[in-house]
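Chains as they are written, first to last, in this note's numbering: chain D, 12 to 351; chain F, 12 to 351.
In short, the hints are calculated from the structure, not lab data. Just so you know, not all the hints are guaranteed correct.
Which copy is meant is left open, because identical chains are indistinguishable; a pair holds if it fits in one copy or across any two.
As a list, the in silico EDC-like pairs of lysine to aspartate or glutamate whose alpha-carbon atoms are at most 20 Å apart [as the list claims (entries may be wrong)]: (1) K195 x E244; (2) K76 x E125; (3) K121 x E153; (4) K57 x E125; (5) K57 x E149; (6) K57 x D155; (7) K252 x D176; (8) K57 x E153.
Number of protein chains: 2
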Amino acid sequence: MTKRITTIKDIAKTLGISVATVSRAMRDTYDVSAETRKLVLDTAAKMNYRPNFNATGLVKSGTHKIAVIIPAITNYYFSTVITGIQEYALEQNYQVMLYLTNDSAYWERKVVQELSLSSVDGLLACITCETIDFSHFEELIEADMPLVFFDRVPESISTSVVVQDDYTGACMATEHLIAQGYSKIAHLAGPRDLNLTQQRLQGYLDTLKKHDLESYGVIHSGFSDENGRHDMEILFNSPSKPDAVFSVNDRKGFGAILWLRGHGILVGKEVGVIGFTNDPTSKIITPSLSTIAEPAYEIGRKSCEVLIKHIQKQNYPIQQVSLPTELIVRESTQRKLYQV
Amino acid sequence: MTKRITTIKDIAKTLGISVATVSRAMRDTYDVSAETRKLVLDTAAKMNYRPNFNATGLVKSGTHKIAVIIPAITNYYFSTVITGIQEYALEQNYQVMLYLTNDSAYWERKVVQELSLSSVDGLLACITCETIDFSHFEELIEADMPLVFFDRVPESISTSVVVQDDYTGACMATEHLIAQGYSKIAHLAGPRDLNLTQQRLQGYLDTLKKHDLESYGVIHSGFSDENGRHDMEILFNSPSKPDAVFSVNDRKGFGAILWLRGHGILVGKEVGVIGFTNDPTSKIITPSLSTIAEPAYEIGRKSCEVLIKHIQKQNYPIQQVSLPTELIVRESTQRKLYQV
DNA sequence: AATAGTAGCGAGAACGTTATCGAAACCAGA
DNA sequence: TCTGGTTTCGATAACGTTCTCGCTACTATT
């Protein structure tokens, strides 16, 4: 703070050359001799020079920064996505600024609006489960700010999006339950307005219809294991009890398993449970949870890649990326091998 | 990008006043009349003006940004710490830039060295478990960059640090095991060089000594559940088998429980297990894992608070904050109530 | 009525870098 | 020796904002 940071001027002064030459030597410009470049680079290293990004950002409009707006990071999926984003960004020499909305539409709007257009080159966003008004994002688009959504994406806005194949994943999960001999299948669904919720719900419904089965209940609620428990309470207090549940995510699946165990119901043998995510805890819980694995890390990398392409090429076409999921069979959907 | 962003000059031009006045009106300067301020603010809003942080950062040295350098975020503790950091930073109008080192000392050094001193006001760091050379951090300190460490802190550097009380936590864990009647206690320790590892090890050793007990083994390894499994394999293949283990963190504790269950050993009744963290999965695993709860969220907030104080007051004294932990008793250390 | 004080504003420099333009130095060919 | 073409470099203007002066006009005091 008080100490003087060495600038390009200092280097120029000690070397007796102009700042322009120093600036050129720093970058890969041809307009400088090999010896002076080496001289500049050496003294720069000696004087512990670091470029001032505020200055470079001022003159070339473009900071090498991207903003990531995400509901939370305290779960496996989101934290893994961020890891993917971060790694790709670093490889491409971009820096990531993190904004947590805590799943509050109010905070999301506030963060997006206060985001200085000049402080980031682009935006990677995953909306809250409350977001129904997207005008704050639309303002960004009008200002030509590169923007790509991942995982939870709005339907009404035309931007690039990167998601997992939620529909097919849901079909696979439901098919698996049916193949295992379950027929009274219910669905623990996510918040109503989320695209992802609707996709997974539709995959579930379509697969049931394909097999001439009826739904044994669909309950919409949040993503926590507590939500899962509560939904099971409702589901199993109804006259027509299901013999399997497909949960919109693993955490609600954990809640479902815990509720079933707490009520002396054998998970797998009596009631099957399948989740969606492949959270590491799904291997740890007893019985272990069958699930649809999401490529979280790749979603992070891919969405960052698409964003940076948008940043670097003005008219890069809008991308609709959908990454494949995978069925992972564990104990919670096995009728025979039930153990413990 | 191609579209013109409104600047302070545009506002000045449309209003027929000088840029200086507009600048003053934006901030809380007395040197401007109430009416012109209102006029400026209104047209600024109308023209959708956003401040250019590159410019402000250039003239006042100080971007409102802090960098967070952390090994990973894909676990409960780190992601919760970041959440705390993020929330406090946002409240104080600071923005956080995230850097993941992936627990690689090489990456950590690279990130710290390439970090432009001018692009952030301060640094919040948690070292990798490989870091033994701290010269890259010392360079930052020499350049008067505010720096505070959290959780994993170096001993040799004199900066502010924010940690949980690892020593007392380890004492509490060991005391609890002894109180439950276990006497042959082993310790699944963390990576050797980490201060946190040594503190928890020392707490364990001191408590054993206090009760005239001998250690039934200390094994150093990483933090994953796989490490926990592997360490148990070694521990239980030795002639003197323990009847309880204190794990340096919950994830290794999960591995320990899984290993014991896999070998038909009743967790709790035959062999007690206690962890450290209070990862949400510790409630989900069977049997549920007793643990020492860490105040992860508060550690995030507190370390951010200390950093911002350092940023704002040049000679803010160095802080050594140690936040209390809490014993959480669950099934894995209960000899009597063992169920399932 | 003269002076002092103050509120409100403008002009211009500064922050550290890049970009544009042109000048100097050198070389080759005639 | 002169011309033309490179290569290498320096001066200077920009980028958007804040800050330091200083100026004007108004109010208050005597």
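Where does the structure disagree with the numbered hints, that is, which hint numbers, in rising order? Hint 7 contradicted; others consistent.
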